[in-house]
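K.L.:
Listed below, chain by chain, are the residues.
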Amino acid sequence: MTHGATSEPASSSTLAKSEPPGASPPEAGGRSGPRLVLGKLTDIHTISLLGVLAILILIGGITEPDSFLSTTNLQLVLTQASIIGVVTVGVTFVIIGGGIDLSVGAIVALASVWCTTVATQEFGFWGMAFTAVVVGLGCGLVNGTLIAFGPMVPFVATLAMLASARGLALQITGGTTQNVTVDSVLELSRRDSFILGVPPLVIIFGVVAVLGWLLLTRTTFGRRTVAIGGNPEAARLAGIAVRRQRLMLYALSGLCCGIAAFMLVILTGSGQNTNGNLYELNAIAAAIIGGTLLSGGRGTILGSVLGVLVFQTITNLFILNGLDSAAQQIAQGAIIVAAVLLQRRSATTT
Amino acid sequence: MNSSRSRKSQLASRRNVLFGGAAAASGLFIAGCTSNESDDDEGGTEQQAPAASEEAGAPVTIGFAGPQADHGWLNAINEQARARAEIYEEVTLEIAEGSNDTATQIGQVEALVNGGVDVLVILPADGVAMTDTALEIMRAGTPVINLDRIFDNPQAYRCWIGGDNYGMGLNAGHFIGEQLRDVENARVVELSGPDNLELTQQRTQGFDDALANYPNITKVARQAAEFTTESGQEVMANLLQAESEFEALWNHDDDQGAGALQAIAQAGRDEFLMVGGAGSRAAMDHIQADDSVLKATVLYPPTMAASAIDLARALGQARGLNGLAEFEIPSSLTLFSAVVSRDNVEQYLPTGFN
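Going line by line, the protein sequences match chains A and B.
Mind the numbering: the first sequence is residues 5 to 354 in the working numbering, read in order.
Mind the numbering: the second sequence is residues 3 to 356 in the working numbering, read in order.
Since the hints were made in silico from the structure, they are not lab data.
Only a predicted model underlies this, so the values are computations on that prediction, with no experimental measurement involved.
Certain hints may be false.
Said to hold, decoys possible - Only some residues are given here: those of chain A computed to face chain B with a beta carbon under 8 Å:
{"#": "1", "residue": "T135"}
{"#": "2", "residue": "V139"}
{"#": "3", "residue": "N235"}
{"#": "4", "residue": "L271"}
Quick reminder that beta carbons are idealized off the backbone N, C-alpha and C, glycines included.
Please build the complete structure, drawing on both the sequences and the hints.
P.N.:
Right under this line is the structure:
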């Protein structure tokens, strides 16, 4: 679904500003397809991630050719990746802007239970969607306000949000599973709702990813994000309203959580206070292996999307091969270490 | 210039009013949406007639300490205990705020004892970590009923009552075995709980031991979920992709089963029968309506909390249980994991938890 991105004509002048030094300059004029996009959008991390993904697909194709290399499996992996993918897009912005958001999993939990209460479900599909998005955005705004104007350290402020949002989610559900009875919500995850073979959840993920990519690479907002993450003092001296930018970054992350929460409700048909468990770590891990610098100032949406896909493909591959969750966790840990070591290497050489 | 600026600020303020109003309206709408009250909601804890000593006796104060009710089953445990105590006029129930932190729970238990209770019912967050505290309380003279998660020293409780994880697996395996008796080369899939829990290992062991009685059945796959709907959906979706055809599925837990059922519906699969675990209200509703692959669930009954109140009451009044010859309550009680299918689901519906 990121193919939407590849057909966009690229404007080299805007991109160059957000590129790290050392990246190859974009070729002028022409939609030369993948090569152009790779040259412009990616750095060593994205290329190596594509390599990892290719190796995983190769392993899957050899070990389980029938079940792995099928359309249904592609639909499955993309669907399962879509929710954490949307969260990761938001988190990527926060990290590039020099912050961290530990509360995403808890916000997803809160938004998912808030939009599945009996009272909310009476308002039907759009009432539930609206509630999830507004709750997510609201939590993000609280995070952003505390961090930008408190000012509080992002780690502490979002940790506090993690605790309170999970607590509130538990308060609302009382520990029960809130099942969705609105058919239009449930149907959206069924095969009948696929549009030209693409699940609606994957389309949402694709739209969020493309919008995120445009926002980061083509707008002032994106350049300001990179600027305050790279050097907040310089950004302030250059006239950027650093605090306002920070506020908006956390609001954006919250908004993504709200969208993801509603997607999760569609997929699981229920709201539970345990939803979104460890999303914060998974999202940060995906962004990091995607080449986003944890200290801020650098990162790509494409890298994060690939990071999410790599993790989801591992899960898929391991279950198809009948390996247990312990082996899966070990593999994920190994990939994070390898990616970060690579990142260190390239950071010292450039 | 001046006028354009003032017009701009006017516009800006109008925009602010618009945004502010929208935000306020959203906030109001959202705030009204936290209710879970439902008109047709029958609480899952209707009590049947008590089986223990019927006649009222001496007043008893029972202290109850459990973990944080962050899971449907644990929530039902609290509800069962509360509802059972209300049946008895002479029973006063003191419930501590639930906690998953052993240190916090120890403090709560000690507060209950200091407040003066005759019998203490404890469902520890962690049985082993709580053992010393229970030992001290027993030595100081307050009898302890250990609910489900067992202390690692028999001196730490007067009576243990709990579920049978091995038996759950055993009964699920036998039910599936009987259903597939006439199927040659039947394939069975297991969706287990978290592998780091001992109870998961026990359930799997029981399941495997039962299946060993049926030579026509092979377990072709087993994967672990995390007791959450989200993990159930994810793991089941992948499992279905891995196994293109099989005859039966045992899922350890009905909460993760809700997600698994979603994954099954999403994949459009219905060639197999599914057996659940624990006994949630939603699972029982599906079994009764016969509208999915879920045909049965194996209980891990939350009514054990109600029985623990009965035991505590009998202990406090120094008598045995009706129907048993002994003058005292037993020292250990392992509950049966009944298989709830369409035939008997009506009877069990009131015990299903949300």
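K.L.:
None of the hints should be skipped; say for each whether it holds.
P.N.:
Structure-based check of each hint:
The interface hint given for T135(A) is met, as the beta carbon of that residue sits about 6 Å from the closest beta carbon of chain B, less than 8 Å. Below 8 Å, beta-carbon pairs count as interface contacts, and V139(A) has one with chain B at about 6 Å; its hint therefore holds. Annotation: N235(A) was flagged as interfacial toward chain B, and the flag is violated, the nearest CB pair being 31 Å apart, outside 8 Å. The beta carbon of L271(A) is positioned within 8 Å of a beta carbon in chain B (closest approach about 6 Å), and the interface hint is therefore held.
This entry does not satisfy hint 3, going by the numbered hints stated previously; all others are met.
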